[in-house]
Amino acid sequence: MGKTVEQRERVVVRFAGDSGDGMQLVGGRFTDATALLGNDLATLPDFPAEIRAPAGTIPGVSAFQIHFASRDILTPGDTPNVLVAMNPAALKANLATLERGATIIANEDAFTRRNLEKAGYQANPLEDGTLSDFRLHRVPMTTLTTRAAESLEGVGTRDAARAKNLFALGLLSWLYGRPTDVSERWIEAKFAARPAARAANLAAFRAGWSFGETTELLDVQYRVAPATDVAPGTYRQVNGTTATALGLIAASVRSGLPLLLASYPITPASELLHELSRHEGAGVRTIQAEDEIAAAGMALGASYGGHLGVTVTSGPGMDLKAETIGLAAMLELPLVVIDVQRAGPSTGMPTKTEQSDLLLALHGRHGESPLPVLAAATPADCFETAFEAARLAISYRTPVILLSDGFLSNSSEPWRIPDAASLPQIDPAFAHGWVGTGSGETFLPYARDARGVRPWAPPGTPGVAHRIGGLEKQDGTGNISYDPANHATMTRLRAERIAGIQRELPALAIDADEGAELLVLGWGSSYGAIRAAARRVRDRGLKVAVAHLHHLEPLPPNVGALLRAYPRVLVPEMNRGQLAQLLRAHFLVDVHSHTKITGQPLFAAELEDAIVDALQG
Amino acid sequence: MRSKADFQSDQETRWCPGCGDYAVLSAVQAFMPELGIPPERIVFMTGIGCAGRFAYYMDTYGMHGIHGRAPALATGLATTRPDLSIWIVTGDGDALSIGGNHLIHALRRNVPVKILLFNNQIYGLTKGQASPTSERGKITKSSPFGTQDRPFNPLALALGAEATFVARTLDTDKQHLPAVLGAAAAHQGTAFVEIYQNCPVFNDGAFDALRDRAQGAVNRIPLEHGQPIRFGLENARGVIRGADGDLEIAEVADVGEDALLVHDALREDPSLAFALARLAERPTGPTPIGVFRAVKRPLHGAAAVRNADRPVADARQLDALLHAGDTWTVA
Chain A
1 MGKTVEQRER
11 VVVRFAGDSG
21 DGMQLVGGRF
31 TDATALLGND
41 LATLPDFPAE
51 IRAPAGTIPG
61 VSAFQIHFAS
71 RDILTPGDTP
81 NVLVAMNPAA
91 LKANLATLER
101 GATIIANEDA
111 FTRRNLEKAG
121 YQANPLEDGT
131 LSDFRLHRVP
141 MTTLTTRAAE
151 SLEGVGTRDA
161 ARAKNLFALG
171 LLSWLYGRPT
181 DVSERWIEAK
191 FAARPAARAA
201 NLAAFRAGWS
211 FGETTELLDV
221 QYRVAPATDV
231 APGTYRQVNG
241 TTATALGLIA
251 ASVRSGLPLL
261 LASYPITPAS
271 ELLHELSRHE
281 GAGVRTIQAE
291 DEIAAAGMAL
301 GASYGGHLGV
311 TVTSGPGMDL
321 KAETIGLAAM
331 LELPLVVIDV
341 QRAGPSTGMP
351 TKTEQSDLLL
361 ALHGRHGESP
371 LPVLAAATPA
381 DCFETAFEAA
391 RLAISYRTPV
401 ILLSDGFLSN
411 SSEPWRIPDA
421 ASLPQIDPAF
431 AHGWVGTGSG
441 ETFLPYARDA
451 RGVRPWAPPG
461 TPGVAHRIGG
471 LEKQDGTGNI
481 SYDPANHATM
491 TRLRAERIAG
501 IQRELPALAI
511 DADEGAELLV
521 LGWGSSYGAI
531 RAAARRVRDR
541 GLKVAVAHLH
551 HLEPLPPNVG
561 ALLRAYPRVL
571 VPEMNRGQLA
581 QLLRAHFLVD
591 VHSHTKITGQ
601 PLFAAELEDA
611 IVDALQG
Chain B
1 MRSKADFQSD
11 QETRWCPGCG
21 DYAVLSAVQA
31 FMPELGIPPE
41 RIVFMTGIGC
51 AGRFAYYMDT
61 YGMHGIHGRA
71 PALATGLATT
81 RPDLSIWIVT
91 GDGDALSIGG
101 NHLIHALRRN
111 VPVKILLFNN
121 QIYGLTKGQA
131 SPTSERGKIT
141 KSSPFGTQDR
151 PFNPLALALG
161 AEATFVARTL
171 DTDKQHLPAV
181 LGAAAAHQGT
191 AFVEIYQNCP
201 VFNDGAFDAL
211 RDRAQGAVNR
221 IPLEHGQPIR
231 FGLENARGVI
241 RGADGDLEIA
251 EVADVGEDAL
261 LVHDALREDP
271 SLAFALARLA
281 ERPTGPTPIG
291 VFRAVKRPLH
301 GAAAVRNADR
311 PVADARQLDA
321 LLHAGDTWTV
331 A
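Chains as they are written, first to last, in this note's numbering: chain A, 1 to 617; chain B, 1 to 331.
No lab work stands behind these hints: they were computed from the structure.
Hints are not guaranteed to be accurate.
To give a feel for the contact side, a few chain B residues facing chain A, derived at Cβ under 7 angstroms [as the list claims (entries may be wrong)]:
1. Val43
2. Asp319
3. Asp326
Predicted, not measured: the structure shown is a model, and the values here were computed from it.
For every residue, glycine included, the Cβ atom is placed at its ideal position computed from N, Cα and C.
For reference, chain B alone in the conformation it holds in the complex:
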């Protein structure tokens, strides 16, 4: 069995002190031995942004690509090399702004890659501009009077693109994060994982409602397939379907255990997962975490995967191709 150290590269990590990326890196390195895959068959592909540096710190194969394009680069790699375990590390600007098109199409195609989206709701590397997940009205260097645009809900976006695996976890949760990574690794197809990640310099405390031990105990809504959705101190609260069909948060004592919604991540129809993704508009109060959806669908390049050993043509086949159609000979 390999150890965490086998996946740590010799490069000095250079994120700001206290950055949530350290916690995620450490958790991913510690998780890698569980994959049971030799490091040379693992590839980390990244775009631009603080999260983009991730590739340099993993002692696997890695490519630090261009802004937003990691899903495109990874699609080319995954199509041709189904023997590899491919992980994309991206951020909210990289995945949801400049790379939005590649993201939704990777999800649509169900390319066999894992996507870890570090969402800190701010541009960090470029030093503090609003991101597509920044809350409306946020004052940043690029929005001194507050942002005017409504933010994306990353999970709702992924579900809208009919992603086959959608999950959310937290940078500093040493139990939950590895469990979600394990579920993502086990998924056949594109696994989309949003990781709430604190930026201590430009957006500190954005996820305190969940990351803080005391607040988290109140606000984290853990999703577990087949289980009633309950949360809070002594599991006193839960999620029910209201009279109008919308999801609501209720006191278990008021509605009774039988009224609680039972989580079903395997439902073909994504509408329940979508409703759960929209349960919390912002991660400032009760917010679901865990695996929202995990369904099976044919993989992109499934034909190629079936013929993974398909060789290139030999000289005889090439000759036949060159001579295809009507030919004539001049003596």
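For reference, chain A alone in the conformation it holds in the complex:
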């Protein structure tokens, strides 16, 4: 019997199972195949903080969501069209996110009495009508996988059963016409050293595909055509972590400064330490420090030595780095601090995302210690934002805080790879001799150029040996000074140097409908959700203006004018309204907040409602 093939513009698939079921792996493979097919895509991994919560329970559920489409898409999708549920807990944890009519593909072998109890089901939801609003497909994945693999030489029952995630991958690959060669190549390489596991996984993957092809259970196959509205170029799939690492390496190459990353393991920031530690061949050095404070200190020590010092952390790690960031502000040395924001306060929810460190980044130090703050908007945008953070740090001799978040670091999307040679050069402009002196005899470490930037003379430079430190210093000489007027001068000079960065910032770009009366202004990882919501609002014939901040300190030069140009301003944030508070304070504009603090990203649908409310309000 021939299968019907239906075209879809966009699809959201969510793979959900126990932490030990390999859902992140399956999601990653499906994403790779989807990227190579040429669909636009966005992904959202969602896993528990515990390494292995009790198997089969709701806290142990790990999920991976992918949104793919034949046109430009902006978010990992609000609600899945298809849920793959490997056990009852995965079904229960995700059922609320589904809309009526969604497809559920359940591994019915896992719906045993014991597993149902662990998930808190009194009766089997596959049988009691709970799922009558959905298109349910019951597939005995464990049985079919075991049957496909158990006859293979050297494959034990356990190896066979473990491969059921690859069965799910094969089935979904058939359902959406994903290329199989990418996944098969990956399996061959991954299990090259373990022939039995390789054979079991290949067999499971092919069995999943064949199941779709041959059984009558699934009668429709879907196609999502390659995206056509994308700019020409060479693409790859990146998540925010990889893009950040590449941005930092690119800044190292374009500045000629070797990169040192010092970090203390903390979720979700550790991923960047793992990623960069693999790039020693590109001159990258990494240190796993004894604590968060040491990590910041080591990075600053490297910068003092004329290298590019970077530290990365999350949550409470940021609190601990404040002291060193203050020293870097006083020393006027480059330091890149990456804050992969997570839900707080304290340990909070380590694997869940939030944008609640904005005010901390701006003000979380004693004394007047201004510094530039940037925020990445999308996973791929982490490349440019990391590069820009390093450029500002080096050019202006200042600590820079780059705000990322758990959502950005784990999510992935296609990235148009830039031409390495076309990236801007970053000139560290090291001092090679005496600077800015009337007498011509003394090196003045705190003499300033027209931008207020002091010379950077790393140890080893002859003729300009000098001392710097955390004590207030005399303007020009850098000698210790407790003079009241001098402190006022130095405080002003430090502030003006950072504020002056605004002169080189491009005006904030705005995407506005003619006659729009509402400006939606966002920052950070809500970019995709805000754009998608604006698109939906426009599809309803309504008018809106949208803009997104990458530079939070200093702000682009036209922000005040933009805010005043619209009768209404809405600022969506995953916090209690931190940017809104800043904008109100700076510009005396009646900004309205839309906030969400659930540990989940903002969704396009909820923002659509918020925008429509604001338009009517």
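On the provided structure of chain A, position chain B as indicated by the hints.
Chain B only, in chain A's frame:
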């Protein structure tokens, strides 16, 4: 050959009159020419406390950092710049209290830096609170009824962290201090040097048993590698291993020269150095000074040191990195 003056900065030294720091500063400045390293390749990194000011007074590169963090800052510098001679100057509060974690990890890693710990057993800059090396029961501004906590023994702590070089000397000893600095400078790896330093304002006389010429002649136990450990007037006393294995002080006339312990700073096992470090609970009686331990171990960042000239990637390598993995092209 450079002179002491080449290492004196133009900054006015501002410690209290009679502070032991003056003597150490003078000795270090006088020692520097012996290093044979140009001043611009020498870096002094300090934390907070009276000793923290040291960086400003050396005409080398210098960074006066934050309280306790000099070992962390120096680790970042040493990892990236193996061409530099890096000296940390710290105090008992800076190194052993607020910076304790950084200290033990620098020692564990064997970062190529020299650590000079000025131990005056008191907080001086904050005007007289108890420090982690103050003796139990000490009455200070923060402990009017006497401290309750047992003090650290800095050398025992460093040895417990498996430091590769551990030594002790005295601020005002113009022969012993430079000799220990020379040994520390020659050591490949972290050199930890405790310097007993008198604070004339808040803890005067804490080390008189050793610093005073007459008392010192009786109480200093000089450690010299390969030599029997003898001390006192006419070297009449010595260190032996007692019947229970513990170290003891004995009259040479009673036990005979052959019974004396022969110092071995090169022993891989730190237990002898540890026992010597614990021989005197407080520096109020016979106390060993000199190099307790000097052993070889791989350096932190040894790979980086091997590739000191390793450049950053070039544009071609960067291009390859950016294009790593599966890519696709849209025309």
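Now the hints, each set against the structure:
For Val43/B, the interface hint holds, since its Cβ comes within 7 angstroms of a Cβ in chain A; the closest pair sits about 5 angstroms apart. Interface restraint check: Asp319/B against chain A, minimum CB-CB distance 4 angstroms, threshold 7 angstroms, status holds. The criterion of a C-beta within 7 angstroms of any C-beta in chain A is met by Asp326/B, whose closest approach is roughly 6 angstroms, and the hint holds.
In this structure, none of the earlier numbered hints is contradicted; all agree with it.
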